[in-house]
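*Asks:* Chains A and W, in that order, are what the protein sequence lines are.
If you use the working numbering, the first sequence corresponds to residues 1 to 255, in order.
If you use the working numbering, the second sequence corresponds to residues 256 to 533, in order.
Keep in mind that the hints were calculated from the coordinates and are not lab data.
Any given hint could turn out to be false.
[Stated by the list, open to error] Here are the simulated distance ranges between beta carbons: (1) W:R449 with A:D181: 53 to 59 Å; (2) W:Y524 with A:G138: 47 to 53 Å; (3) A:K186 with W:G432: 21 to 27 Å; (4) A:M87 with W:E526: 35 to 41 Å; (5) A:K186 with W:S347: 26 to 32 Å; (6) W:F358 with A:D181: 47 to 53 Å; (7) A:M87 with W:R449: 18 to 24 Å; (8) W:L346 with A:Q149: 56 to 62 Å; (9) A:E124 with W:R449: 43 to 49 Å.
[Said to hold, decoys possible] SDA-like cross-link-like pairs, simulated, lysine to any residue; straight-line CA separation at most 20 Å: (10) W:K431 with A:L105; (11) W:K350 with A:K135; (12) A:K116 with W:Q446; (13) W:K431 with A:K136; (14) A:K136 with A:R169; (15) W:K530 with A:E66; (16) W:K473 with W:K431; (17) W:K530 with A:D109; (18) A:K120 with W:M448; (19) A:K128 with A:S151; (20) A:K116 with W:M434; (21) A:K116 with W:K350; (22) W:K431 with A:K19; (23) A:K120 with W:H450; (24) A:K116 with W:K473; (25) A:K19 with A:Q226; (26) A:K120 with W:R449; (27) W:K431 with A:L58; (28) W:K431 with A:S148; (29) A:K19 with A:V73; (30) A:K116 with W:L516; (31) W:K473 with W:L516; (32) A:K116 with W:L404; (33) W:K431 with A:I85.
Given the structure is predicted, the values throughout are model-derived calculations rather than measurements.
We treat Cβ as the ideally placed atom computed from N, Cα and C, and that holds for glycine.
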Amino acid sequence: MLNGERRLKDNKDPIIQIKDIHKHFGKVHALRGVNLDIKRGEVVVIVGPSGSGKSTLLRCINRLEEYDSGKIVVDGILLHGAQNINMVRQEIGMVFQSFNLFAHLTVMDNLMLAQKIVRKRSPEEARKIAMDLLKKVGIPEKINAYPSQISGGQQQRVAIARALAMNPRIMLFDEPTSALDPEMIKEVLDVMMDLAKEGMTMVVVSHEMGFARAAAQRIIFMDEGQIIEEAPPEVLFTNPKQERTKRFLSKILDH
Amino acid sequence: MFSRRKSESTEFKVPELENVPEAGVGYHIDAWWWLVALVAGLIAILSITKPDPYWRIVLFVRDGIGVTILITIVSFVLMIFVGMLGGLGRLSTNKVIHLVTTFYVEIVRGIPLLVQLIWWYFAFPVIVRELGQATHISFLANYEANAILLAIFGFVFCYGAYMSEIFRAGIQSIPKGQMEAARSLGMSYFQAMRHVVLPQAIRVILPPVGNEFIALLKDSSLVSAVALADLTRRGREFMAANFDPLQVWTMIALLYLVMTLFSARIVNYVERRTKIER
Numbered sequence: 001m002l003n004g005e006r007r008l009k010d011n012k013d014p015i016i017q018i019k020d021i022h023k024h025f026g027k028v029h030a031l032r033g034v035n036l037d038i039k040r041g042e043v044v045v046i047v048g049p050s051g052s053g054k055s056t057l058l059r060c061i062n063r064l065e066e067y068d069s070g071k072i073v074v075d076g077i078l079l080h081g082a083q084n085i086n087m088v089r090q091e092i093g094m095v096f097q098s099f100n101l102f103a104h105l106t107v108m109d110n111l112m113l114a115q116k117i118v119r120k121r122s123p124e125e126a127r128k129i130a131m132d133l134l135k136k137v138g139i140p141e142k143i144n145a146y147p148s149q150i151s152g153g154q155q156q157r158v159a160i161a162r163a164l165a166m167n168p169r170i171m172l173f174d175e176p177t178s179a180l181d182p183e184m185i186k187e188v189l190d191v192m193m194d195l196a197k198e199g200m201t202m203v204v205v206s207h208e209m210g211f212a213r214a215a216a217q218r219i220i221f222m223d224e225g226q227i228i229e230e231a232p233p234e235v236l237f238t239n240p241k242q243e244r245t246k247r248f249l250s251k252i253l254d255h
Numbered sequence: 256m257f258s259r260r261k262s263e264s265t266e267f268k269v270p271e272l273e274n275v276p277e278a279g280v281g282y283h284i285d286a287w288w289w290l291v292a293l294v295a296g297l298i299a300i301l302s303i304t305k306p307d308p309y310w311r312i313v314l315f316v317r318d319g320i321g322v323t324i325l326i327t328i329v330s331f332v333l334m335i336f337v338g339m340l341g342g343l344g345r346l347s348t349n350k351v352i353h354l355v356t357t358f359y360v361e362i363v364r365g366i367p368l369l370v371q372l373i374w375w376y377f378a379f380p381v382i383v384r385e386l387g388q389a390t391h392i393s394f395l396a397n398y399e400a401n402a403i404l405l406a407i408f409g410f411v412f413c414y415g416a417y418m419s420e421i422f423r424a425g426i427q428s429i430p431k432g433q434m435e436a437a438r439s440l441g442m443s444y445f446q447a448m449r450h451v452v453l454p455q456a457i458r459v460i461l462p463p464v465g466n467e468f469i470a471l472l473k474d475s476s477l478v479s480a481v482a483l484a485d486l487t488r489r490g491r492e493f494m495a496a497n498f499d500p501l502q503v504w505t506m507i508a509l510l511y512l513v514m515t516l517f518s519a520r521i522v523n524y525v526e527r528r529t530k531i532e533r
């Protein structure tokens with residue numbers, strides 16, 4: 001298949017290439033010429049003040065958001081006007097701030113639905129994959145619960161498992177812990193940390209500096225729709241070059 | 256944008272009053288089923304104690320009850336589909352589809368149902384016949400109005416518009432993240448609609464859809480204006496022959512009442528069974 005051929009290509013090719021992306025929401029110029037390459041297996045954390053365009057950028061990568069100009073290539077496939085967007089999306093898992101588990105389905109059915117109708121797996125196979133993933137994220141006992149019956153942290157772990165069940169090549173995280181109570185943040189970050197160790201390509205919008213330090217190879221600082229600065233965490237956090245980065249970090253690292 | 260979504264999601268919230276506390280559920284259900292039984296019992300008692308005229312009325316209008324139920328159920332099933340398509344059309348980003356469905360909804364809602372039914376029965380066949388003559392298609396030129404088909408068509412056309420609005424609001428009440436999550440897993444728009452959004456929207460719109468069913472059951476009495484022998488029409492025929500309006504229309508009213516109360520119980524039961532927590 002298409003994807004098989006692509007995998008054989010040089011692994012040093014960036015798996016995501018973002019070139020000069022612009023995006024407007026009405027009069028608001030949300031992304032102003034963003035350029036970013038992400039390598040296979042890389043973990044990138046995007047930080048920045050609210051309204052800086054970091055979530056918009058993330059959502060452009062799997063085209064939940066259309067962009068006005070520029071180009072994004074994911075795994076060798078050009079996204080703009082892509083007819084096969086559903087195929088691209090199978091390769092990109094996404095985890096949302098608000099979990100977005102399917103409210104009318106049990107945990108198990110949440111994990112099985114897309115496997116069955118998109119990946120065309122048999123119910124037995126889908127169930128087995130789902131079960132393995134639920135064990136991995138630490139909640140195998142909740143398979144028959146509905147999303148409203150489990151905690152936010154558990155919901156988010158199920159959401160991660162649901163995305164992983166599609167065997168994505170890339171995982172996008174859009175502020176995955178922002179809607180969680182403090183005591184639940186760790187259980188979600190632990191799962192993400194395991195994933196990073198396994199070599200998953202991850203793009204994470206988050207202000208969890210502990211996670212960023214431990215897992216990220218690169219921190220991207222965005223403001224007003226542009227990438228202001230990028231560096232490995234130990235450099236960016238201790239010795240930022242740009243004034244805006246310093247100001248932002250002083251605000252979030254203080255407490 | 257956030258506030259817009261918020262107002263829509265509250266549009267079809269079940270009123271708090273209907274959220275009967277757990278402890279009272281059994282009692283509550285029984286109480287309302289008793290009302291159905293009470294009306295049914297009243298019909299039975301009248302028929303037994305005074306078979307003339309009450310039992311005679313029941314026997315006379317029996318086939319009219321059949322027509323009323325048939326029209327109501329067939330129209331209801333069809334208008335669900337029309338409403339679903341209309342609702343999706345109203346939400347379509349395709350300008351033509353959006354415009355056509357919006358036109359349809361606005362036009363239908365502006366004309367009284369009785370006028371619409373009469374139009375379909377008396378005016379529509381004229382158009383068909385003239386079209387047949389103009390094009391020399393004898394099958395169309397000799398078209399004879401079929402009362403029951405045109406009545407059902409009229410109901411589906413009219414109620415389909417109202418149902419479209421219910422479906423539109425129901426679909427919009429489902430948080431956008433549900434669609435986004437489904438699409439991000441690689442589902443197409445229609446897969447996501449069918450497997451994720453609609454199953455949830457249908458649960459949300461059950462109360463208004465149930466209301467539409469009951470309204471339709473009552474509005475079906477309008478078909479007596481287009482030569483269909485439904486319950487109301489049969490009542491009028493009985494009255495014309497026997498001159499006892501009090502007994503006839505009391506019995507007809509009780510028969511409608513028992514049907515609507517029974518339907519309301521069924522709707523309520525289905526609603527309880529399919530409720531999802533958020």
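*Asks:* If a hint holds in the structure, say so; if it does not, say that too.
*Replies:* Hints, verified against the model:
1. W:R449 with A:D181: 53 to 59 Å: Given about 34 Å between the Cβ atoms, the range is violated.
2. W:Y524 with A:G138: 47 to 53 Å: The hinted range 47 to 53 Å is violated for Y524 (chain W) and G138 (chain A), with Cβ atoms some 39 Å apart.
3. A:K186 with W:G432: 21 to 27 Å: 24 Å, holds
4. A:M87 with W:E526: 35 to 41 Å: 40 Å, holds
5. A:K186 with W:S347: 26 to 32 Å: About 44 Å separates the Cβ atoms of K186 (chain A) and S347 (chain W), which means 26 to 32 Å is violated.
6. W:F358 with A:D181: 47 to 53 Å: 49 Å, holds
7. A:M87 with W:R449: 18 to 24 Å: 19 Å, holds
8. W:L346 with A:Q149: 56 to 62 Å: 30 Å, violated
9. A:E124 with W:R449: 43 to 49 Å: For E124 (chain A) and R449 (chain W) the Cβ distance comes to about 23 Å; the hint is violated.
10. W:K431 with A:L105: Given pair K431 (chain W), L105 (chain A) holds - Cα atoms ~17 Å apart, limit 20 Å.
11. W:K350 with A:K135: Roughly 47 Å separates the two Cα atoms, so the pair is violated.
12. A:K116 with W:Q446: 11 Å, holds
13. W:K431 with A:K136: 29 Å, violated
14. A:K136 with A:R169: With Cα atoms ~18 Å apart, K136 (chain A) and R169 (chain A) stay inside 20 Å; holds.
15. W:K530 with A:E66: 35 Å, violated
16. W:K473 with W:K431: Answer violated: K473 (chain W) to K431 (chain W) is near 36 Å, above 20 Å.
17. W:K530 with A:D109: 17 Å, holds
18. A:K120 with W:M448: OK: K120 (chain A) and M448 (chain W) at ~18 Å, within 20 Å.
19. A:K128 with A:S151: Violated, because 24 Å separates the two Cα atoms, which is more than 20 Å.
20. A:K116 with W:M434: Since the Cα atoms of K116 (chain A) and M434 (chain W) sit roughly 17 Å apart, the hinted pair holds (cutoff 20 Å).
21. A:K116 with W:K350: 33 Å, violated
22. W:K431 with A:K19: Judged against 20 Å, a Cα distance of about 28 Å means the pair is violated.
23. A:K120 with W:H450: 15 Å, holds
24. A:K116 with W:K473: Measuring from Cα to Cα gives roughly 44 Å; hence the hint is violated.
25. A:K19 with A:Q226: 12 Å, holds
26. A:K120 with W:R449: This hinted pair holds, its Cα atoms lying about 16 Å apart.
27. W:K431 with A:L58: 17 Å, holds
28. W:K431 with A:S148: Roughly 17 Å between the alpha carbons, so the hint for K431 (chain W) and S148 (chain A) holds.
29. A:K19 with A:V73: Roughly 9 Å between the alpha carbons, so the hint for K19 (chain A) and V73 (chain A) holds.
30. A:K116 with W:L516: 42 Å, violated
31. W:K473 with W:L516: 11 Å, holds
32. A:K116 with W:L404: 41 Å, violated
33. W:K431 with A:I85: 19 Å, holds
Of the numbered hints listed earlier, those contradicted by the structure are 1, 2, 5, 8, 9, 11, 13, 15, 16, 19, 21, 22, 24, 30, 32.
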